[in-house]
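Number of protein chains: 2
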Amino acid sequence: MPGRVSAFGGIETGGSKWQCAVGTGPEDLRAIETFSTTTPTETVAHAVAFFEREGPVEALGVGSFGPVDLSPSSPTWGHVTTTPKPGWANTDVAPELRRRLSVPVAFDTDVNAAALGEHRWGAAQGLDTFCYLTVGTGIGGGGMVGGKLLHGLVHPEFGHLRVPHDTAFDPFPGVCPYHGDCWEGLASGRAIEARWAKAPEELAGEEEVWELEAHYLALGLVCVISVLSPQRIVVGGGVGTVPGLLPRVRRHVVDLLNGYLRSPALGQGIDDFIVPPALGARAGVLGAIALAAAL
Amino acid sequence: MPGRVSAFGGIETGGSKWQCAVGTGPEDLRAIETFSTTTPTETVAHAVAFFEREGPVEALGVGSFGPVDLSPSSPTWGHVTTTPKPGWANTDVAPELRRRLSVPVAFDTDVNAAALGEHRWGAAQGLDTFCYLTVGTGIGGGGMVGGKLLHGLVHPEFGHLRVPHDTAFDPFPGVCPYHGDCWEGLASGRAIEARWAKAPEELAGEEEVWELEAHYLALGLVCVISVLSPQRIVVGGGVGTVPGLLPRVRRHVVDLLNGYLRSPALGQGIDDFIVPPALGARAGVLGAIALAAAL
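Chains as they are written, first to last, in this note's numbering: chain W, 1 to 295; chain D, 1 to 295.
Source of the hints: derived by calculation from the structure; they are not laboratory data. Keep in mind that this is a model prediction, so the values were computed, not measured. Do not take every clue at face value.
Remember, identical chains collapse to one label, so a pair may be satisfied in a single copy or spanning two.
For lysine to any residue, the following SDA-like pairs were computed, each having C-alpha atoms within a straight-line distance of at most 25 Å [said to hold, decoys possible]:
hint, residue 1, residue 2
1, K148, G259
2, K148, R190
3, K85, E54
4, K85, V254
5, K85, S74
6, K198, R30
7, K198, P84
8, K85, S229
9, K148, V254
10, K148, R30
11, K85, R262
12, K148, A199
13, K148, D166
14, K148, L212
15, K148, E193
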């Protein structure tokens, strides 16, 4: 279309689905498609076909499930590394997309992409230190400190911190293949399904299920708050956005902190401290577009 | 002395002692004094007398035990806030020193000051994302992300994250007045002394004591690694620097991570990942001098 502003491509790659979009932001999403994650070859081909059809795009941003290699100088930059997802360990994602689409590709974690999206257009606008937590099939976290996306040695992997686990009260051993009862092992959607033998969506209204879930989520968030001191925590994901869960989580966080850290945000202001994503389920793909635009 | 480069003042304020120094860095420390922390009035007067005698200083940096108020716009900026230390809750520290000495005062946590010292002259040179952990009477942590000291909403308080606590194996309830068995409640010097009814320095060579200590320190460090992904962790403090402890901590950290995060630093390279402070017990006061110099 002559005179039209050029567009960017974004992909949020997840362990169960990929979401691809073309546009420049939430008010200008020209195409969006979500499809199931199958084999790496088939899934990448599906994404390539989408951008060939809906493009051209000036650059592509990818927010990926992980762990991933983010080191620009590494021979495996842009790969998914030790994921327990069958068939996906050590998979080339970003370099393959770059070869197939012949555009520059920015690559980060799915949660850092979502954090960037929420920072640019959503619930984290104007903040310089905040976290984005996703609680879905797994648990992941990312965010910004001092206005920059958190990277460090590898990248944050909130899901694998350890939380107290009273096995007398909750004998469930956890589902993490690496750590058993780490945070993700106890509180991810996969853990809920394994503990209660029902999918999270079939457990609506079950007091015991959601109190325990809120308890574990709050224990992990207390670690995040103690280590990073975020100005806000945005909680997304299929489990994280279950109606009624966040108010429980907020209550447990305030109880656990017990007034030690003096900030209105951790008391009366907790409703504005632990919040849902303003961009909903599109935070990741929009953040991926923001990653591309920042290239 | 005519022609001499002007000097900065630094104070590391601790719950048990204060250390004051005048100089420009580790190679130019013109005076240093350590004295016990008594009442706020008496302790501040002691520091003021030191700088009046050893100065003048161009500016003063203070690295303080906490929690503290770091918000420049707050009416209680430069105060210690909810500390459980008797007589010290809600104490004006930095503004009082500024009034008494009539110099600009920079104020941060003791651990952020130590992190800055290690970054400028010690074990964290050239890194942009790392942590400084102190394990002494209490447990505290600070550091840099993207080359800037971590602040956020309040400031990091590593000591109050929650770690798994198997009460069947270790029935000790913890010593934190706010949280009982948080990290500091289980693994600080105060906790060791309360659990074993002996001071840490009387427990040298006690296998059971130091294996349990290393276990708890590693559990907390796994949280720090999962949240921040630091490039290195510098461990100081009277307990943290007990001979033989860090090798045990490193082994537990590697075991707990179980190969999930792929980085040489978290495997073969662990000896260069978890390290003692290069500036030893002077990291804090030297960092305070660096805080003053940066004003």
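So, going through the hints one by one against the coordinates:
no., hint, in the structure
1, K148 - G259, "neither (29 Å within a copy, 27 Å between copies)"
2, K148 - R190, "neither (31 Å within a copy, 37 Å between copies)"
3, K85 - E54, "neither (29 Å within a copy, 63 Å between copies)"
4, K85 - V254, "between (35 Å within a copy, 22 Å between copies)"
5, K85 - S74, "within (22 Å within a copy, 48 Å between copies)"
6, K198 - R30, "neither (37 Å within a copy, 69 Å between copies)"
7, K198 - P84, "within (22 Å within a copy, 45 Å between copies)"
8, K85 - S229, "between (32 Å within a copy, 22 Å between copies)"
9, K148 - V254, "neither (28 Å within a copy, 28 Å between copies)"
10, K148 - R30, "neither (28 Å within a copy, 38 Å between copies)"
11, K85 - R262, "between (41 Å within a copy, 16 Å between copies)"
12, K148 - A199, "neither (36 Å within a copy, 43 Å between copies)"
13, K148 - D166, "neither (37 Å within a copy, 38 Å between copies)"
14, K148 - L212, "neither (34 Å within a copy, 37 Å between copies)"
15, K148 - E193, "neither (35 Å within a copy, 41 Å between copies)"
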